[in-house]
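The working numbering puts the first residue of the sequence shown at 6, with every later residue one more than the last.
Treat the hints with caution; some may be incorrect.
[Stated by the list, open to error] Taking lysine-lysine pairs in the DSSO-like style, the calculated list, with each CA pair at most 27 Å apart, reads: (1) Lys93 x Lys169; (2) Lys244 x Lys258; (3) Lys202 x Lys22; (4) Lys152 x Lys169.
Hints listed in this document are in silico derivations from the structure and should not be mistaken for laboratory results.
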Amino acid sequence: MSEDTRRIGALEAGGTKMVMAVCTPSGEVIEREEIPTEGPVETMARVGEWFAARDIDALGVGAFGPTGVNPAAPTFGHILETPKTAWKHFDMLGALKEHVDVPVGYDTDVNVACLGEQVYGCAQGRDSVVYITIGTGIGAGVMIGGKLVHGMLHPEAGHVLLAKRDNDPGESACPYHDRCFEGLAAGPAIEKRWGAKGYELAERDEVWDLESDYIAEALVGYVMTYSPQKIILGGGVMKQAQLFPLVREKFAKMINGYIVAPELEDLDSYISEAGCGGDQGILGCVALALQAQ
6 MSEDTRRIGA
16 LEAGGTKMVM
26 AVCTPSGEVI
36 EREEIPTEGP
46 VETMARVGEW
56 FAARDIDALG
66 VGAFGPTGVN
76 PAAPTFGHIL
86 ETPKTAWKHF
96 DMLGALKEHV
106 DVPVGYDTDV
116 NVACLGEQVY
126 GCAQGRDSVV
136 YITIGTGIGA
146 GVMIGGKLVH
156 GMLHPEAGHV
166 LLAKRDNDPG
176 ESACPYHDRC
186 FEGLAAGPAI
196 EKRWGAKGYE
206 LAERDEVWDL
216 ESDYIAEALV
226 GYVMTYSPQK
236 IILGGGVMKQ
246 AQLFPLVREK
256 FAKMINGYIV
266 APELEDLDSY
276 ISEAGCGGDQ
286 GILGCVALAL
296 QAQ
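Given the sequences, and given the hints that come with them, work out the whole structure.
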């Protein structure tokens, strides 16, 4: 069998930075570069020129959102309502296609991270997976039956409403909701509540006791609605490794034996860290690009 020599472009289009890469179909990163996310026109011109100079055969894009992911809709490939006002309604996909004439797959950043873990990472062999990133914001990529979930837009599972704890001394950091997951548990919420960033609070047990409460409650909700075979937790907040055992313990108490399934017999495996060495987004873009060909 001949070696697959296709060159696959991957773009993690984040609100802070753009990560561009050229990879093999097997997931080897050949070349990578990052640039800051600035104004949409100049940023996408730089991105498009970078890929145009690298002779790619297909391109996968994981974009910050909300963004249009329905190929049949006129907003496909557009950034939608966003606090990054300069990017609101910008046609990201159209701007890319001014520079590259190859098949392009387009989805949300968290959906492609979920896809990357399912194809190349710790969720291989499973067709129903939830990937959650907990960092500056909280987002979730959801795959059910081998397909990424979109629906009327795409899951905004970072904004599910939670029960605010009586011992929570803080207020929601979300401008839309006073008790959503992101508003209570993302990085800015931690900093707003405790007056310091998460990595500066590593030794404060009360910080992570409260944080794990909110994460566990959200995961129970995802299990009851999506019934995933695996849950993967990524993002900057989850670099506090002490969170994982706390979340698993509280998750088990909250489920309280209601769900009986083989997957839940080993929570260390069921609620896991990401398995792509931080490249789940890039690798998910590769998988998306291959699907687009």
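Outcome of the hint check:
| no. | hint | verdict |
| --- | --- | --- |
| 1 | Lys93 x Lys169 | violated (31 Å) |
| 2 | Lys244 x Lys258 | holds (23 Å) |
| 3 | Lys202 x Lys22 | holds (20 Å) |
| 4 | Lys152 x Lys169 | violated (33 Å) |
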